[in-house]
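Novice: These are the residues of each chain, in order.
Protein chains: 4
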Amino acid sequence: MTLKIGVIGTGAIGRDHIRRITSNLSGGRITAVTDVNEAAANAVVEQYGLDAVVYPDDQSLLAEGDIDAVLVTSWGPAHEQSVLAAIEAGKYVFCEKPLATTAEGCRRIMDAEIKHGKRLVQVGFMRRYDSGYVQLKQAIDEHVIGEPLMIRCAHRNPESGPNYTSDMAITDTLIHEIDVLHWLLGDDYKSVQVSYPRKTRHALSHMRDPQVVLLETNGGVLITAEIFVNCRYGYDIQCEVIGEDGIVKLPEPSSISLRKEAMFGTRILMDWKDRFIEAYDREIQDFIDSVGRGELQGPTAWDGYIAAVTADACVKAQESGQREEIELDEKPALYEGQAVGQA
Amino acid sequence: MTLKIGVIGTGAIGRDHIRRITSNLSGGRITAVTDVNEAAANAVVEQYGLDAVVYPDDQSLLAEGDIDAVLVTSWGPAHEQSVLAAIEAGKYVFCEKPLATTAEGCRRIMDAEIKHGKRLVQVGFMRRYDSGYVQLKQAIDEHVIGEPLMIRCAHRNPESGPNYTSDMAITDTLIHEIDVLHWLLGDDYKSVQVSYPRKTRHALSHMRDPQVVLLETNGGVLITAEIFVNCRYGYDIQCEVIGEDGIVKLPEPSSISLRKEAMFGTRILMDWKDRFIEAYDREIQDFIDSVGRGELQGPTAWDGYIAAVTADACVKAQESGQREEIELDEKPALYEGQAVGQA
Amino acid sequence: MTLKIGVIGTGAIGRDHIRRITSNLSGGRITAVTDVNEAAANAVVEQYGLDAVVYPDDQSLLAEGDIDAVLVTSWGPAHEQSVLAAIEAGKYVFCEKPLATTAEGCRRIMDAEIKHGKRLVQVGFMRRYDSGYVQLKQAIDEHVIGEPLMIRCAHRNPESGPNYTSDMAITDTLIHEIDVLHWLLGDDYKSVQVSYPRKTRHALSHMRDPQVVLLETNGGVLITAEIFVNCRYGYDIQCEVIGEDGIVKLPEPSSISLRKEAMFGTRILMDWKDRFIEAYDREIQDFIDSVGRGELQGPTAWDGYIAAVTADACVKAQESGQREEIELDEKPALYEGQAVGQA
Amino acid sequence: MTLKIGVIGTGAIGRDHIRRITSNLSGGRITAVTDVNEAAANAVVEQYGLDAVVYPDDQSLLAEGDIDAVLVTSWGPAHEQSVLAAIEAGKYVFCEKPLATTAEGCRRIMDAEIKHGKRLVQVGFMRRYDSGYVQLKQAIDEHVIGEPLMIRCAHRNPESGPNYTSDMAITDTLIHEIDVLHWLLGDDYKSVQVSYPRKTRHALSHMRDPQVVLLETNGGVLITAEIFVNCRYGYDIQCEVIGEDGIVKLPEPSSISLRKEAMFGTRILMDWKDRFIEAYDREIQDFIDSVGRGELQGPTAWDGYIAAVTADACVKAQESGQREEIELDEKPALYEGQAVGQA
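Chains as they are written, first to last, in my numbering: chain A, 1 to 343; chain B, 1 to 343; chain C, 1 to 343; chain D, 1 to 343.
Note that identical chains are pooled: a pair holds if it fits in a single copy or bridges any two copies.
Okay, derived cross-link-like pairs now, DSSO-like style, lysine-lysine, Cα gap no bigger than 27 angstroms in a straight line:
#1 Lys190 with Lys331
#2 Lys273 with Lys249
#3 Lys4 with Lys118
#4 Lys91 with Lys4
#5 Lys316 with Lys190
#6 Lys249 with Lys190
#7 Lys273 with Lys4
#8 Lys331 with Lys316
Everything labelled a hint here was simulated from the structure, so no lab data went into it.
Take these sequences, add in the hints, and give me the full structure.
Specialist: Below, the structure written as structure tokens:
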């Protein structure tokens, strides 16, 4: 029962998913690809020796492709249209974040999915598949630390690119914390405030870096999230959940330890791609398996909508310097009782 | 050259200093004691076999005692009067925190000391003598992490007593962070804001616990300080300084590690008295040695004043829920160029 | 190009490989199975919904099966015959350890493979695929610690079964260290001595536990290997390589940390199957990929022979209490220049 | 009740003890000093501003000095004579290791002490006062890990001096493990064997380095002790006790942690003097306090004798390459029931 998969967008992340489906994972096969740059799409077919048809656009791929599901891995502003078209075509769709660039776009996708009557959309929040976060969630759910009261987390990159702007600290970076913490806690956000510490000399002149985001959930959990995209020393994801009876903390990535030259240390990753490589594998394998069973269990369009609304409020708080409220629509019945992550 | 020391206040901390001077440290001898409870003072003399005179009050001890210096270890509201009397008598004085219960009280003490023309007062902020904090300060001063940008710290106790109130989270607990972070950074505070996460079920009904205090320094360093006095799991002091080029973090207290019953762990202290026991020794030894050399180098009355002003603003921020400004007087010349801690 | 794979032996490890090929890995498909217990073989086909033929024995599977390669996952004494038959049939064969139960058996397999003229056999030493060991090897090969001088390692299980005997500490347990350390160092063994510490009260009366094995390599590296199969507290694999310029050590398995009840700790695994689960995946994926390329790169029959000869000497040393020499035949040209592990 | 102390030998360790008694510790005062180099003795008196008489030799110091106790901190071969003279004079004596350079010398000291009828001698094995070892002993004594079965330890120095010879790995280096492990276990040694791994290129040509010593106790505990005095990376003391129910391990020295340049690490000490600085303080304070109470509780002459006999056997094993037996005399009644370390 090999799943036939079309890929819309053959940039870096699209190629990476094609590679893992072709070389690492079980049960999937790339049968159709498309990219705004058709030469790129052709090159990918050749590079991985795919038995796949190259289509000129997402519409023709969805209409004519021999596919059971699609991956939407184009650039963000194109996601909404491709996801809507996939739903229209009744195809399962895995969409990289963001689901849409606006909360309204996410609502349109939910409306289409609700009209279809069944979940077809999984959003690419891969951290829910990271073994460290899975352990954290299990500990919280088993009440190892009692009720969570606070979370301290940090998202650090060695260096940001020249096009990185202050709001991308929210929309490109914090967006992963927004999803994974809401999932960890089984709770939504109520308000947000952003503070700016002294700026690092390593940041470009047009941007603020680091930033500290204070998020409060409906349940009263206070989250202190540091975003620091020019921290120099490594790619470092920290998360610590402080509860009534104890504290659980995300592990450091596994590394041999070294005693040398008066130091005892472990290595810190420099490249974000190495940090969640296994989570990406599990995420796509779960999508393939879930489609095979006919029942998605990964992050939903509703999760994509929550991320969009919350990110909007965070950006507003960046600008206002004030506490901003976060208000969600009523949760549609389709998303009630949905598993919000893997077991 | 044994220093003759009088002790004003023979409660828990007073007795503890008498014990260390008598049994652990070099160069000091207790020659005079007083306490509002004279029986308690007599009992201490007996318990430690002191060759010391018991006086009815601080005035008579200062007037008649055969002393070179005094320790003020009475309860907080009595500190100001004893310190002023000691300065008046021209005696060196080590005063436990708080130096005075109000900023005005601290100013009166500074004025008296300035009038005397020379430093006589050391305030009991012992963390500056903790080897972990000393290492942190050295790393910052040697620019190991570049300019500090943020500090994340936590002050956790297993359980608060029945008389503990929400404002004591500042005046009794955070007060140590207020001093030690200002010393670490060589910087003063500009503003403060307090947030209340969900309250732990382990806290008494009349209080807020935990609390998160956001302090900003004049240099732009953003400090996130968690105070959690019913955390249950241990007495735990955390401090992490995030700089432009790296991060330094306070060590955990030294503990053997244990592999047993599917866990690999170290012990967490439960009693705060064990955490800074060596820092207390070094602090009092430094006071004895400094008096011997005729030049104090520990925390000054100005440091005591900063702590008082900052704590006042924090308490105001607890009540207002708003960002509150912190404004200090001009720094008197007497305290310029003073070493603000041990080398 | 899906690889068609036959499985000889559908016990625990056989079923586990069938599961991973079917559900986790890419490029392989089970097309034929056999087991001495034919009902067991049929049950596996049903359990995993395999499109596979059940054969009465390894001979018929190899003669008639639609297969490119076989996995030999039967019990140890049956390995040699199946591997020889696979070579005879010109099929690639992945054989779980031991390759054969005697050094002579391993020699017969090497002779057959040499006669065939090309490597067909990969032995199931999965630790070479564990990310921790791979990092250790890389550090050694990059001379991070200079020349290795000593290795300290431990292989600990919570509890041994009722049929576990003292020599199985070598043949079932230490055998993994024998292979992986020889691979880490690129060196062979010269001598061995076994010492018996005080016996744990948790061991059955007929056996010695723990045991300490001192191995010396031709290059002079001294290895201290502890085997402790009733250590109670967990399944724990330790390995530390001490070199001229520093020390590298295998990481602990990734675990969230917990602060609770006066302890700061991480979890220790209790079940060996959890420890190397990802290494098993990589090992079998590498076998599938290597067969696809027509060139094996995993552990060779020569590695299986080294393990057999070394284990024999270790068992002899268990009995004699003396230092025993380890002597290998000349290394056949077929195995020269072979990669002895993954890159 | 200040203890009046004479010091025999004002080299490095003698000066260090004078410094700590004068500046750090409570209850002692240096009243007499002597050294084979009288100018050195005079210089020390001046450096520390001592109110002490300089004597030409140990005999005159003991005969004429105004002393309650002496420290013997001369070079090793002179210890026996000074200790015997002190006992003859009825003075308490703290003697740095070795108590005597031969087992016979130690026996003569025990005989003299027995004849005197009361313990007068404490031997300078300071590790028993290190907080890490004290925690280990407490855990063992409280049966946290059940019966100890094995110990793995290492004693590493960055670099050995030009006069360091292979046997000094025992008599100068391992001697500390010999004492502290016998104390930890409450057990004596039965046999020893020495193995030589590949030699580091950093060792001088005349010596073997590293060395691995296998010690077996009467109770069957197997100790693997690595001595590596040119390890380059730091001064590093490791000790791990493996018991029936778990494992306890000595902590690393307390150090801030640093994240920088793709590494997460703590500092390793380079200088042995920093490692046990607090243990030295506690050791000498305990000697002063014990003399004050009239009852020594630190390491005894019997402990010094055990160390001498065991070291002799180790040196013999270095040369023979064989397992050598370790045989002690009957334990004299004076040393029965003696505390073998601090509580």
